[in-house]
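Number of protein chains: 2
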Amino acid sequence: MKIAFLGPHASFTQLAATQLFPNEELMPQANILDCFNAVEKGEADKAVVPLENSIEGTVSMTLDYLYKTPSIKIEAEGVMPIAHHLMIHPENSVEDLEKIYSHPQALAQSFHFLDTQYKEITRQDFSSTAAAAKYVSENKDQKIAAVANQFAANLYGLKIVHRNIQDFEQNHTRFIVISKQQTPYHNENLEVLGEKSGMLVNLPEDHPGGLHQVLSVFAWRKMNLSKIESRTLKTGLGNYFFFINVVGKWEDVLHGNALLELQSIQAEVDFLGNYKEFLLES
Amino acid sequence: MKIAFLGPHASFTQLAATQLFPNEELMPQANILDCFNAVEKGEADKAVVPLENSIEGTVSMTLDYLYKTPSIKIEAEGVMPIAHHLMIHPENSVEDLEKIYSHPQALAQSFHFLDTQYKEITRQDFSSTAAAAKYVSENKDQKIAAVANQFAANLYGLKIVHRNIQDFEQNHTRFIVISKQQTPYHNENLEVLGEKSGMLVNLPEDHPGGLHQVLSVFAWRKMNLSKIESRTLKTGLGNYFFFINVVGKWEDVLHGNALLELQSIQAEVDFLGNYKEFLLES
Numbered sequence: 001m002k003i004a005f006l007g008p009h010a011s012f013t014q015l016a017a018t019q020l021f022p023n024e025e026l027m028p029q030a031n032i033l034d035c036f037n038a039v040e041k042g043e044a045d046k047a048v049v050p051l052e053n054s055i056e057g058t059v060s061m062t063l064d065y066l067y068k069t070p071s072i073k074i075e076a077e078g079v080m081p082i083a084h085h086l087m088i089h090p091e092n093s094v095e096d097l098e099k100i101y102s103h104p105q106a107l108a109q110s111f112h113f114l115d116t117q118y119k120e121i122t123r124q125d126f127s128s129t130a131a132a133a134k135y136v137s138e139n140k141d142q143k144i145a146a147v148a149n150q151f152a153a154n155l156y157g158l159k160i161v162h163r164n165i166q167d168f169e170q171n172h173t174r175f176i177v178i179s180k181q182q183t184p185y186h187n188e189n190l191e192v193l194g195e196k197s198g199m200l201v202n203l204p205e206d207h208p209g210g211l212h213q214v215l216s217v218f219a220w221r222k223m224n225l226s227k228i229e230s231r232t233l234k235t236g237l238g239n240y241f242f243f244i245n246v247v248g249k250w251e252d253v254l255h256g257n258a259l260l261e262l263q264s265i266q267a268e269v270d271f272l273g274n275y276k277e278f279l280l281e282s
Numbered sequence: 001m002k003i004a005f006l007g008p009h010a011s012f013t014q015l016a017a018t019q020l021f022p023n024e025e026l027m028p029q030a031n032i033l034d035c036f037n038a039v040e041k042g043e044a045d046k047a048v049v050p051l052e053n054s055i056e057g058t059v060s061m062t063l064d065y066l067y068k069t070p071s072i073k074i075e076a077e078g079v080m081p082i083a084h085h086l087m088i089h090p091e092n093s094v095e096d097l098e099k100i101y102s103h104p105q106a107l108a109q110s111f112h113f114l115d116t117q118y119k120e121i122t123r124q125d126f127s128s129t130a131a132a133a134k135y136v137s138e139n140k141d142q143k144i145a146a147v148a149n150q151f152a153a154n155l156y157g158l159k160i161v162h163r164n165i166q167d168f169e170q171n172h173t174r175f176i177v178i179s180k181q182q183t184p185y186h187n188e189n190l191e192v193l194g195e196k197s198g199m200l201v202n203l204p205e206d207h208p209g210g211l212h213q214v215l216s217v218f219a220w221r222k223m224n225l226s227k228i229e230s231r232t233l234k235t236g237l238g239n240y241f242f243f244i245n246v247v248g249k250w251e252d253v254l255h256g257n258a259l260l261e262l263q264s265i266q267a268e269v270d271f272l273g274n275y276k277e278f279l280l281e282s
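Chains as they are written, first to last, in full-length UniProt numbering: chain A, 1 to 282; chain B, 1 to 282.
I should point out that these hints are in silico values taken from the structure, not numbers from a laboratory. Accuracy of the hints is not assured; some may be wrong.
[Said to hold, decoys possible] In silico lysine-lysine, DSBU-like type, Cα no more than 30 angstroms apart, as pairs: (1) B:K119 with A:K99; (2) B:K249 with A:K99; (3) A:K222 with B:K222; (4) A:K227 with B:K276; (5) B:K99 with B:K2; (6) B:K41 with A:K68; (7) B:K99 with A:K68; (8) B:K249 with B:K2; (9) B:K222 with A:K227; (10) B:K119 with A:K2; (11) A:K2 with B:K227; (12) A:K227 with B:K159; (13) B:K222 with B:K276; (14) B:K99 with B:K143; (15) B:K159 with B:K119; (16) A:K41 with B:K99; (17) B:K249 with A:K227; (18) A:K68 with B:K227; (19) B:K180 with A:K119; (20) B:K227 with A:K276; (21) B:K159 with A:K249; (22) B:K143 with B:K159; (23) B:K143 with B:K119; (24) B:K140 with A:K99.
Sequences are here, hints too, so could you generate the full structure?
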């Protein structure tokens, strides 16, 4: 099987993809759109893209492309705690550091550590944490370090000098597995955190209380939402669709009736699937 | 007045900041956190940061920092249509192009144009559209182009060879002006698109229908929402806060009572302000 993912090599998304698909061929893509295109054209069977809180891409693009390509559904979700490490070339020392490279969001997420331990050291933006790690591995004559993940340290043979320098223990990145088949994803080696349904809901007219009406469908059935996000439609300002996650296992009567009730209030629903949430390592 | 903004120079956020604050001192920052820190420590009076759909940063960080720094409020919102242009060094020709540089999201947003007109040309990721434009301006011996905005073309003296190559006419980026004073922002030279209130709502317990209960407060008052987004709290999985925009002018009784009713159902509300939405040029 061919699995597209948001590259570059040693990105957090690759770290997710290798755990979700340890025995499949992984195909790095330059951006989120390319991941969707590869799946839609059949060049890849599935793709792994970030859904929430990633440092590697504007994740709103994932929601927009889910909306634009109704043939693509969700098979699984992976949740990865974010862990940033400070790493240097193995032959160098951390004492005479002059510059620290990383993606600007990774530098921001490690702000407290860098500001107390390396306050005077210049920080330099890179297009990705992996690219920063690669650059450090290729320039041992420079007194530089990278903020990147464990996978990048292994891949580029760097020495980790400070572990877990991120400001919050509980910062997570969410990834989804997308495909056209929507075959049930299963992996015995990963811990299952829960189960949920994903859907895109579009209200035909923007009127006060419209979203409230949609949420009533779930509320009186005691279906709990774990995520809701409004996105502007590309047709202009003031038109929206919503990405909604409903917690729990799929129940034919409960979920089926909820979808029917949504249609009865003229809401357009693209049901993205009922899928499991897996814990990934970082 | 000192205005911090999400840099680098010639970024879309700078384009927004120069229109919102044409006569003030602009201070570029490496990331969104630095913008918030500059305002909180008083190093800057205000800051301009992306709120939605930016290609320059994971905008969920803006919501997270609004939540983490309750002293910071919103004074204004700017809406900018996204316009990407293909630009080259003025002494070069577009005929023998070998590489096109830009931010990966800008390349994705111009996918249709690039894929039909420049299908065979290699696309190369850069950390920002502005950095790509700068690189093109400094390397006239190379047969390269950048996808960037008008401002970058002007700043780095590049020649635009194709205008408006983005896939959607109606793609917008939203920016907010943040400060600790919350002085009413006004600018006679910008068109006002509307008025809205922003707030962060935190539910003490995650229970089915909790969000529905919050939205009831707005629905029965016929207050229309233009944006809603859930964000995971840093305290662990499964705890959320919501960013909500309510359309319209502030009305003491209506809004005041809505906030009181939210408190009566144990929702914690951080009211971010009632502010105008301005149309920006790109």
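What are the numbers of the hints that this structure violates, sorted from low to high?
Of the numbered hints, 1, 2, 5, 6, 11, 12, 21 do not hold.
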